[in-house]
Structures are given as structure tokens and as C-alpha cells.
Amino acid sequence: MKKARKEKANKRLSIVFCSMVYLFLFLPIFVVIANSFNATTSKPYLSWKGFTFDWYIKLWSNSALLGSFGNTIFIAVASTVLSTIIGTLGAVGIYRYKFKGKGIINGLLYIPVVIPEIVIGIALLTIFSNTNIPRGMLTLILSHVSFSVPYVIFNVRARLSGYDKSIEEASMDLGANRVVTFFEITLPVLAPGIAGGALLAFTLSIDDVIISYFVNGQTKTYPLKVMESIKSGVSPDVNALSTLVLIGTIGLVFLTQSGIGSGKHKKI
Amino acid sequence: MAKRISNHEFKSNTMPAIVTVGPVAILSLFLVVAPLALVAIMSFCQTDEFYNVVYKFTAINYSKLLSPDYIKIYGQSLLIALITTVLCVLIGYPFAYVIARTKSHKKKLFYMLVIIPFWTNSLIRIYGWRTFLGSSGWLNMLLLNLGLVDEPVEFLYKTGTTVLGMVYCFIPFMVLPLYTAIEKLDGSLLEASSDLGAKPYKTLFEVIIPLTSGGIFSGCIMVFIPCLGYFFVSNILGGGNTDMIGNLIERQFKSANNWPLGAALSIILILVTLILVKIYQNLGGDMDSLGV
Chain X
1089 MKKARKEKAN KRLSIVFCSM VYLFLFLPIF VVIANSFNAT TSKPYLSWKG FTFDWYIKLW
1149 SNSALLGSFG NTIFIAVAST VLSTIIGTLG AVGIYRYKFK GKGIINGLLY IPVVIPEIVI
1209 GIALLTIFSN TNIPRGMLTL ILSHVSFSVP YVIFNVRARL SGYDKSIEEA SMDLGANRVV
1269 TFFEITLPVL APGIAGGALL AFTLSIDDVI ISYFVNGQTK TYPLKVMESI KSGVSPDVNA
1329 LSTLVLIGTI GLVFLTQSGI GSGKHKKI
Chain E
2 MAKRISNHEF KSNTMPAIVT VGPVAILSLF LVVAPLALVA IMSFCQTDEF YNVVYKFTAI
62 NYSKLLSPDY IKIYGQSLLI ALITTVLCVL IGYPFAYVIA RTKSHKKKLF YMLVIIPFWT
122 NSLIRIYGWR TFLGSSGWLN MLLLNLGLVD EPVEFLYKTG TTVLGMVYCF IPFMVLPLYT
182 AIEKLDGSLL EASSDLGAKP YKTLFEVIIP LTSGGIFSGC IMVFIPCLGY FFVSNILGGG
242 NTDMIGNLIE RQFKSANNWP LGAALSIILI LVTLILVKIY QNLGGDMDSL GV
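From first to last, the protein sequence lines stand for chains X and E.
With positions in the first sequence counted from 1, the corresponding number in the numbering used here is that position plus 1088.
With positions in the second sequence counted from 1, the corresponding number in the numbering used here is that position plus 1.
Extracted from the complex, chain X is given alone in its bound form (with noise of 0.2 Å):
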């Protein structure tokens, strides 16, 4: 009996807990969504004055805005891609065969995700000036797709270790040469794994502040325009834009249902 109710009052409190952890975590989305809504016009933009769609509306005419969001979109786009061939070819071979220098690119494969990433947006800022290679969108994408190949190497070569070799065999036994096997067989096994790495390198993409903010040039990127303005007060519309953003992905994931959450090398 008296288990009982301390069991029910740990679970209460484990319940407390637990949602004022939530409200923490989803705090400043509710502050941001509130103030898409916010009828105010002056910076910077603080003040609740009342309930507006206008931010919505004008949204539509901030060329700046759209277009920012348009090259981070690009951006993303361009870099899985390229990001998803490179990683999962280089999986394939680094778990294939011996080579000279394996362990070195093994080893250089933890430099991205461990070294703060201020670190690789000035070196790559150095190397690029350096170079004389212009700063923007190539160079954007360059840094997005340096940073983003080892989750998606990662990815790959966590389906690679559970992967029997014997069905390429078999493959190449019943007269499929090696480039036929790779497309028919090898690479329908590993697409879980390829698709995990391809959503976690968009999602980086998409969200990089640091290393574009070195690398970008006069290109901008949605969060390098919104680190522009905080200095005079981030205006709603940018925060309308971020709330439809916001819908439309949680749309997107519930409407495919994919196994998100279920892989094990998963950053955000």
C-alpha cells in the first residue's frame, strides 16, 4: 500500500519534471510563433501590440528574405547530394578494401565532427582566400559538403557492418559485373543507411550558422540574414517564415512516417 503510493508520487514527479523540461526546450519556439503574430511595427519589434496576419502577408515582398531562403534551400540541396554520392562510395570502399592510408582517412573522418566548428569555418575561410577561390555559393557548398560527408559516412557504414558479402558474390558468380552489382545489390542494402545520412546532412545543412557565416562571401544564407538583423531587431516576418518553415517539416515527417529516431547515428 504504502509502495504503491510512493511509486504513484515518483511518477508524478517524474511527470512534472519532464514537461518543465519540454517547456524549456519549446519555449522560444511558442515566444517566436507568438510573435509572427505581433502587431507591432516599431524596432525592435518587441512589444505585443495586438494580433496580426500582416507579417504573412508581407512576407511574400521581402525579396531579401525569400532569397536568402532560397540559397540555403540550394545550398542544402546541392551539398546532400554531392555530400550522399562522395560518403557512400567512400563507405563502401574504406569498409571494402585494404588500401595504403586507410586508418589516416578513418582517423581524419572525426576532425569535422569533433573540432568546434568555429575552428573549421576559419581554416576553410583561410584556405579559400588563400586559393583565391571566391567566396559564395561554391564555397558554401564546398564547407557544407566538407562538414556533412562523415554523418553520412557514418550512416553507411553502420548498415555495412550487418551486410553479407556472399549475395554480391552471387551476383558477380551469375555473370553481373561489379558496377551492375553495385546498383542492383549493393546499394538497394544499404539505402536505409544512405537516406539516414542524406536527411542528417540536409538537416545540417539547413541549420549551419558558424562555418557559412566565415565562408558565405555576399552570399546569404536564412541564418546568416537573421544573424544580420538581430543587431536591429529580428522583424516578425522573419519569424513568420520560420513558423511556416516549422509546419511544414512537422507536416512532412508525419505525413511519411519514416523511421526517424530508429537509426543509431542521428545528430538533430
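Calculated directly from the structure, the hints in this document are not laboratory data.
Here the structure is a predicted model, which is why all the values come from computation and not from measurement.
Honestly, I wouldn't trust all of these hints.
As the list claims (entries may be wrong) - Result set (BS3-like, lysine-lysine): computed pairs, CA atoms no more than 27 Å apart in a straight line:
| # | chain 1 | residue 1 | chain 2 | residue 2 |
| --- | --- | --- | --- | --- |
| 1 | E | Lys65 | X | Lys1091 |
| 2 | X | Lys1188 | X | Lys1096 |
| 3 | X | Lys1099 | E | Lys185 |
| 4 | E | Lys185 | X | Lys1096 |
| 5 | X | Lys1094 | E | Lys104 |
| 6 | X | Lys1094 | E | Lys107 |
| 7 | E | Lys104 | X | Lys1091 |
| 8 | E | Lys255 | X | Lys1091 |
| 9 | X | Lys1099 | E | Lys159 |
| 10 | E | Lys109 | X | Lys1099 |
| 11 | E | Lys107 | X | Lys1099 |
| 12 | X | Lys1137 | E | Lys185 |
| 13 | X | Lys1096 | E | Lys255 |
| 14 | E | Lys73 | X | Lys1096 |
| 15 | X | Lys1096 | E | Lys159 |
| 16 | E | Lys159 | X | Lys1131 |
| 17 | E | Lys108 | X | Lys1094 |
| 18 | E | Lys108 | X | Lys1099 |
| 19 | E | Lys73 | E | Lys255 |
| 20 | E | Lys255 | X | Lys1308 |
As the list claims (entries may be wrong) - Reference listing, derived: stretches of chain X covered by chain E, where coverage requires no fewer than 3 residues with Cβ under 8 Å from a Cβ of chain E:
| # | stretch |
| --- | --- |
| 21 | 1149 to 1157 |
| 22 | 1249 to 1261 |
| 23 | 1279 to 1287 |
Every residue gets a Cβ at the ideal spot worked out from N, C-alpha and C, and that includes glycine.
With chain X fixed as given, assemble chain E onto it according to the hints.
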């Protein structure tokens, strides 16, 4: 004949290895090794009067690193990162424990709810905190209306505010590895411990925590190290009063234009990272669990 040669090449494994690993190798060489090597070289260089980097050896940047102003900021950075990490463990552990061991069918939803906030850009969310905490912010509005305070309280621009922002940014990096570790925990061990008469706290400290220590270690690495470089959190919430090493580096590259000095500061950050990762490995940490 030609076909035969190419077949032969295929069998030798050289071509496939080059095709598959080549791109990663080139990428690592040009976008990881070369940039970091250049930063190391640049940290021993000077600038001319036009702020251009002159490649002539000097150790002056490293001697500048020892100025008392900088040392104060290193101390402050390490302290903020340490408090952030400790708070992330203290809040993240019980939280991860509850959601990882719940028998509720909503378990997957609970997990997703940790991730969903991170689909909104981190800058915007940190700015959301500023909106909430500012002197004309919503928390103050609430406190004033409730009559709890007579004039707005300044919550911003304090060490505590920066720590709050950092904990906010990094707590999922603690919760997710902990969740994985705790979920793997075999429930029968906990039952055995309590059947054998162990008090709950004893089960916690002698069974649960040792078995999930891998998750704690990797969580700590994934919070502490990036925290040192997150300059925008201290910019937005600390307002220049709570600079981290990251802020010093950012300034050298973006406004002060002393790249060699910024490079030397970055080398410090790299060394701190290497030392911590080495400690992590010696404690039996798995490098792969850092790539979560």
C-alpha cells in the same frame, strides 16, 4: 584485348578502391588537412599595415595569448562550458531515463519532441530567449503585471543567461546518447539489484550509472567542446560580457582582421579538443558514438 585489360584492372581492386575512396580522400586533403595545416602555419605569421598576412616566422601571436585579458576569457570559457555540461547531465540524465524507460506507447513521440525544436534555426530560437528575457520582454511584462516586481529586471547580459542559452543549444546532444545508452539497459539487472536488497540510490550509483557511463562520457564531449566555440550565444544573450574563446576568434577574423592571432587562438581550441578526446578514448569511449 582492351576488355581483358580492364577486366584485369577490376580484379586487382585498385580501380574500385580509387573510384570509391578517391573522392573522400581528395575532400579530406583539400578541405580538412590543408586548411588546418594552413591555420597552424598562419599562427606563426604576422600581418602588415594593411592587415595582410605576411608569411614570416614569429612567435608573437602565442605570446599575445598569455595576456591577462585573454587568460580571463579562457577561464570564463572553460567555466561556462563546464557549468553547461554539468547542468546538461543533471537535467538530461533523469529526463532521458524517464523517456527511455517509459512503457507508454507514446515513447516515439516523446523522443521526437526532443528533436522537433531543432528544426527551427538555432539563431532564431536563441533570439526567442532574448525576446522572452529582455527588459521589455515578455517575462518582465508578466512579472510587472502580476506585481511581483516594480521595475523590469535585467535578465540578459549575465553569465547565467549565456549558460542558459548554451544548455538550451546542447541539451539534446546530451539527451540523445543517454537515451540510447539507457534504452539498452537490461531491466532484469535493476530487478536483481533491488531483489538482493539494494536501496534505490544504491542501484542508481552502482548499477545504472556505471552501465550507462558510455552515454554520459560521449554526451559530455559533445556538449563541452562545441560550447567553447559557440560565439553567437554569448553575443546574443551575454552582450559581450560573457565572451568565450569562440568570440575572440570570431573577432580576429571578422573585425580586428588579425588572422594570425585568430589562428593561434584556434590552435589552443584544437589542443583542448585533442586532449579531451584522448581522455575520452582512455576512459574507453567509442569514437563512433560521437557522430550521433
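*Index of numbered hints that the structure contradicts, given in increasing order*: Of the numbered hints, 1, 2, 8, 9, 12, 13, 14, 15, 21, 22, 23 do not hold.
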